[in-house]
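Listed here are the chains, written in short residue letters.
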Amino acid sequence: MTAPLSLPSSRAHRFATWLHRRPRVQLGLLLSGPVGWMLLAYFGSLSILLLNAFWATDSFSGQVQPFRWSLDAFGQILTNDVYRTIAVRTVAVAALVTLTDLLLAFPIAYYMARVAGPRVRRFMVIAVVMPLWAAYLVKVYAWRTILQENGFFEWILTPFGIQAPGLGEIANSWIVLSYLWLPYMILPIYAGFERIPPSLLEASADLGGRAGITFRRVVLPLMVPAAVAGSIFTFSLTLGDYITPDLVSDAKFIGNVIYDNSSLGNVPLAAAYSLLPILIMIGYLLVARRLGAFESL
Amino acid sequence: MTESRWVRIGLRAVSFGVLAFLYLPLLIVTIYAFNPSRIQTWPPAGFTLHWFGEAAANPAIRGALLNSLLAGAGATAIALVLGTLAALAVHRFAFFGRDTVSFLFVLPIALPGVVTGIALRTTFQTVGVDLGLMTIIIGHATFCVVIAYNNVVARLRRLPRSPEEASADLGADTWTTFRRVTLPGMGTALLSGGLLAFALSFDEIIVTNFTAGPGTRTIPIWIFTAIQRPSELPVVNVVAFVLILFSAIPVYLAQRIGGDAGR
Amino acid sequence: MRHLRIPTLVTVIAVLAACTGGGAATPSVTPISEIGEPEDALNLIIWAGYAERGEVDPAFDWVTPFEEETGCMVNVQEMTDSNNGVSLMQSGEYDGISASGDATTRLIASGLVAPVDTSIFENYANVFEGLKNLPHNTVGGLNYGIPHGRGPNLLAYNTDEVSEAPTSWDIMFSDEYAGRISVYDSSIYIADAALHLMTNQPDLGITNPYQLTQAQFDAAVTLLEEQAANDPLYWGTYADQVASFASGEVVAGTTWQFQVNLLQADENAPPIEAVLPDEGSTGWSDTWMIHKDAEHPNCMLLWMDHMMSAEANAQATVWFGEAPTSAQACEVADGISAGHCDLTHATDETYYDKIWYWSTPEEDCADEDANTTCVTQDDWVEAWTTIRGAS
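Protein chains in written order, with the working numbering: chain A, 1 to 297; chain B, 298 to 560; chain C, 561 to 951.
Among the hints, erroneous ones may be present.
Over the 12 Å line for every Cβ pair with chain C, so calculated as not near, a few chain B residues [as the list claims (entries may be wrong)]:
(1) Y320
(2) A357
(3) G425
(4) A463
(5) A465
(6) G468
Computed beta-carbon distance windows for the label pairs [stated by the list, open to error]:
(7) A:R216 <-> B:R302: 12 to 22 Å
(8) C:D838 <-> B:F543: 55 to 65 Å
(9) C:G596 <-> A:F43: 40 to 50 Å
(10) B:I546 <-> C:A898: 28 to 38 Å
(11) A:I126 <-> B:V304: 19 to 29 Å
(12) A:F43 <-> B:M431: 36 to 46 Å
(13) B:F313 <-> A:I213: 49 to 59 Å
(14) C:D838 <-> B:L366: 49 to 59 Å
(15) B:A370 <-> A:L40: 34 to 44 Å
(16) B:T327 <-> C:D908: 28 to 38 Å
(17) B:R458 <-> A:I282: 51 to 61 Å
(18) B:F313 <-> A:A211: 17 to 27 Å
(19) B:A545 <-> A:P118: 43 to 53 Å
(20) B:A370 <-> A:A211: 50 to 60 Å
Quick caveat, the hints were computed from the structure, so don't treat them as lab data.
All C-beta atoms in this analysis are idealised placements derived from N, C-alpha and C, irrespective of residue type, glycine included.
Chain A with its partners taken away, still in its complex shape (with noise of 0.2 Å):
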């Protein structure tokens, strides 16, 4: 130590201590900034999104009119059939890409975890964690190409006389999004089962657990919070995704309505019809806090 560690008389000094003894005063300090933030900032925008959904459109000029209030953009939600197809399409394709991604997680994560030895898991690990660091842009534009016609699916599939898809298939939607969430359930998963004890494993097998049961009756329970935690990405980025279905499929999701119509400056019904996913996924933190996920985020 070079420097006093205090320096008795400065006013910094004596406000510092003042501090220290007032623990209420301390914690105002330090929650009033990122608080305020998050109140001002996020759930300022989200209620003047809420105000909005109430706010009528001029039916010439599209403009926006402010406090004149109207409930048109909600009409027009419940009774156009669209807007429920295109929110049962994308929260499908949502619980798809969650159930694919937690298929293709749970193997390689046990792997990782229980059977491949230090080096080859270190490098499992990175090589999980390099793609999540990889532009998302660059993922979509890399399975534009190569789904597109002459691209690699193509060149791959027409041998075995398969026509390929071409862009503007809804599978397309499902393949890209599991891809670009996978990451997200591997690791969650993978830290799930290097949390789970051997001697839990090994208390089964002494107890005449066959390998099978002991995985059905012991380490899939266990697996439950870190397979929601990992399902709370999967599942709220494809709910909030417009980019990936525009961009390799024709169908229209949640996130294109929205989309659309905020740049089509509908802002009502783009507000209206954004409460649904807040809904949707509100209700599923509250389920996924109850099933212990948080702990596993």
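Model the placement of chains B and C on the given structure of chain A, informed by the hints.
Just chains B and C now, kept in the frame of chain A:
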């Protein structure tokens, strides 16, 4: 529990299959970056470095890169400060609504990005804020706070309290203790949190698309517009390839730090 | 940051309160009557190809000379359709727009654009008389902008696959080329269906494809639903369409001359031709308009003048494949691409009688008859969302 030999072989095959799936698209873009033709057909017609020169000379890319770096730096700085403050508060004090605070910070990342995007855009326009670099930074900082927060909280939990108490016993005030004891203890957590926040900001498009104004293009926005112009695709391939190379840097650093930047 | 917060909150509340007072905007009525010192930047909303800087073809560059001359650095945002353009103008971030007729009327009515005294433009005198004071950009004797160019929406087809040149839009609505048809992804495309019905179902009594009664509108939507069932590929940006024609994924579709030019210039693309079918077509006549609160008004006014100059107008209209706006521009254009003005019928008003310029659907059908009501713009947008979203 021991797996039979066949289960192990099966697991290994599936695992490496999944890895191949993860790397196939990246590999294909890499190959296209050296494709001499403007038209993207598989397999590529030859090999060239021509497009690298074009990409380097493109002023739009350089402008976008600068914007991305500024946005990332701004958002990371805000996220680190706010995330650290919140982490200290949650770690040090037991107070009513502590769990709510954690939930509060997770929301921007748990709720769909398109919602954050349209909420911010609508607000900026309702309130009359001009869209530009500032609004991009605000948007990014909102969901980067949780990254910094998570990293710092995890570190604080592992950090023993005794050095802080010793410092206080030796007469150091709160601020001095924080500066000389707590902050150095959090160093690598801040570094890995900052790295992650920066990468997230650098890559963001879903929200940025809503909050960017005319003339403020970031790298993802540039890619998004360029992939819609056939004549620019060769340059997009090069930029994509370079970004893939770049993504090794944070992974390497994170390994060096040995830290929590895994996710 | 911290001491900023309270004032910001107060501002938010004040602004919100101020908004309650404002109702419908009234168009500003004093035309801009002088061009001052140029600022340093210009933010434009454009149709793709309306502001080239030689990146695709070095011979086509009318932005760089403008920047060098005025010091106004040009930023552009391409709109995907007129609705998108109007929305971008509402954001208040842009100085001006190259608006088609279905956007101009909306922009004028909502008071977002300013009228200009055309005598401040050096190049306005040369503009063809037939393009001056048109209803889509002139209201109450005030000129809300200056013309850029005009042209029809064409029917493009791949001559390898469609051996006989189509003379009708039928090909778009039949299942003969199911899955291989290219359709413009915008609510304004409903008018193309209505135009088709004008000739094919005369008993519907459609007299204007943009002003449709509910029954006429429903017929057009039904036709488009049948089209959607044939699984066409919708194009949102010109590049999507170019790519799908080039790869052979589609063989016919509605297009602009611009895409046809690009495809014909691409030696790897299949042979593409474009025709104006006998039923006539929809089309556009574009106007450069200035935002009433433009941040860089003088740069915008200079740009408007620039786009009427013979050199810039010729390059821009040849590049996009549309009709120039002055005899002087025609002369230069013919030098770049021989016969351009004849090809685009620059002075042939009888040709343009067959073209229904994009315009906004209006509740009063935009006519004198007080008894009829028509389907409005927002219903068009919703119907299009439904057609597109269901697939």
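Give me the numbers of the hints this structure contradicts, sorted from smallest to largest. 2, 3, 10, 12, 13, 15, 16, 17, 19
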